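Visitor: Just so you know, the protein sequences line up as chains E and D, in that order. If you read the first sequence in this note's numbering, its first letter stands for residue 1, the second for the next number, and so on. If you read the second sequence in this note's numbering, its first letter stands for residue 384, the second for the next number, and so on.
Read the hints as simulated data drawn from the structure, not as lab findings. Warning: the hint list may mix true and false statements.
[What the hints assert, rightly or not] Among the chain E residues that face chain D by a calculated CB cut under 8 Å, a handful are: (1) Lys2; (2) Tyr3; (3) Ser9; (4) Thr287; (5) Gly288; (6) Val292; (7) Phe298; (8) Ala359; (9) Ala378.
[To be verified] DSSO-like mimics (lysine-lysine), calculated; alpha carbons at most 27 Å apart, straight line: (10) Lys59(E) / Lys124(E); (11) Lys374(E) / Lys462(D); (12) Lys458(D) / Lys12(E); (13) Lys510(D) / Lys2(E); (14) Lys12(E) / Lys566(D); (15) Lys511(D) / Lys2(E); (16) Lys467(D) / Lys374(E); (17) Lys147(E) / Lys124(E); (18) Lys181(E) / Lys125(E); (19) Lys510(D) / Lys12(E); (20) Lys147(E) / Lys161(E); (21) Lys2(E) / Lys506(D); (22) Lys374(E) / Lys403(D); (23) Lys2(E) / Lys467(D); (24) Lys458(D) / Lys374(E).
[As the list claims (entries may be wrong)] These stretches of chain D come out as covered by chain E in the derived footprint (C-beta under 8 Å, 3 or more residues): (25) 439-453; (26) 463-474; (27) 482-492.
All figures in this text were calculated on a predicted structure; none of them were measured in a lab. Using N, Cα and C, we set each Cβ at its ideal position, and we do this for glycine too.
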Amino acid sequence: MKYLYLIFSSLKRKKLRTGLTILSIVVAFLLFGYLSAIRQAFAAGVEVAGADRLIVRHKVSIIQLLPQSYESRIEQVEGVDNAAHSTWFGGIYQEPRNFFAQMPVVPEELFDMYPEYVLSDEQKKAWLATRSGAIAGRGLAERFGWKLGDRIPINATIWSKKDGGRTWEFDLVGIYDGAEKGTDTSQFFFRYDFFDETRAFGEGLVGWYTVRVSDPDAAAEVAAAIDAEFANSPSETKSEPEGAFIQGFANQIGNIGFIIMSIMSAVFFTILLVAGNTMAYTVRERTGELAVLKAIGFTDRGVLSLVLGESLALTLVGGAIGLGLSWLLVSMGDPTQGSLPVFYIPTRDIFLGLLLIAATAFVAGIIPALQAQKLQIADALRR
Amino acid sequence: MTDNSDNILVRAQGVDKVFKRGSEEIHVLGGLDLEIPRGEFLALMGPSGSGKSTLLNLVGGLDRPSEGVVEVGGKRIDKLSERKLAAWRARHVGLVFQFYNLMPVLSALKNVELPLLLTRLSKAERKKRANVALDIVGLAHRAGHYPRQLSGGEQQRTGIARAIVTDPTLLLCDEPTGDLDRKSGDEILDLLQALNQEQGKTIIMVTHDIHAAERATRTLYLNKGRLSTEPVD
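Isolated chain E, as found in the complex (with noise of 0.2 Å):
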């Protein structure tokens, strides 16, 4: 603690220089907590999949459906617990901007599959009675300001209705809640009954089925059986983990991950070569007064650490300021104004970041550090 006066008295030296090198870290580790949340927000899904749950789709597509009566079929197979199928409606709210995934399904079998999604049982009573009902995420809900009892119309893409219109009309019955803080609440659910007597084509199939299996470990297995039991029909299926079918949605995106790897990769090796840069000059110009320490009386490991102390406080404090800016950017909503399904900065990430300071500290500070501790007294004197 003693020598933290020394540390920071070190870094005002040169104010300008430090002050521009603070905010060159300051602005990466914003970006690193920002696109965390960004990255996470494509990864969620992936993250929260159940390992039990598979998805069941058509062999050749995704956009190929499915007959319903599989349901029961695969309900027969071993080690399947139990099946619920959705379908992609594809809809616009207002405008095409208003992004938003909305799915018929069947009340029952979504809560039983997914009890992530929380629900009243007074809201899920008004669902049951309500043919036309629908539900919709918290956050999905807060992002339009709806409230129970609104009317939705949602303008179809694909399903028209048989009376020829594309303008479906939902009464929100219920908003759901996530039980954990990654669970998807941007999603738009209605009753698959309403939907299949509703569609102008495509009557009793279904886009993909959910199977809860009884012993995950067994899930392969499983899936092998699913398939082969579909096989040579003329609607052959695939299935694979939730997990797998989440990361295939979103890659068609694009990989984000690793998009925004890169982009950090790139933001990080720039940030060390701007702090080392900068700890390099601070070590080149003091070389008479770190020989001054060691002539009397610190150590080469002593002066190693001070020179790496300074490292570290300069990062420290840009990276911390940067991290606590993008948690109050990350805090203000997502960029897309609710689209993305979650919007957070994972605690993963922010020990990552308290990580990356550290090692940004000792990789940008190590080799003056190093020229520093073999400082020869008596030469840097004569200098």
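Keeping the supplied structure of chain E fixed, place chain D upon it in accordance with the hints.
Guide: Structure of chain D alone, referenced to chain E:
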């Protein structure tokens, strides 16, 4: 730090110092012998490149001889490990430099306090001792000033306060008046003389200035790595 055999504080025997510059070897000191009694104020004179500062560095444990023995207070310092040598310097040596070598970002008080950071003293005790040292050199009223706010003489006095704050056995001064005008230089010499006479500090001072050397109790001349009691033409 006692030498039971006699009153000799510093003893150098057969000291060689060779610097290598590429493949070339430069012999700065050759077979040098030196004894300095406790309480002496020794002036070391000689032309540039004669090895004065090198000898000072060897006695102060800032460098090691290529050959020979350096003992201070009966302790052989040329064989100490880097860590032990650093601890020894912190405890026993005070250094005064020609260009003061103060930390520009620290106040005079904090500069003087620096060597005390290596002790186990409390913050309050460190501050108290640093103030006493500044008081001894007559700078108590400038404790909060930064080096850039001090004159050359004041900076050097701060340097001396830093050198004496740990109450070292040996005070090594490398041309302490070399960067000062005559008046300031005299004040510094007065101070060094007082430290020697009143506090019994053993001082070795490297200087080019005959006027400064006159303040010492003994003057030795170094030329081509050899010591003599007479100046060399």
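Visitor: Can you list which hints this structure breaks, lowest number first?
Guide: 4, 8, 10, 12, 14
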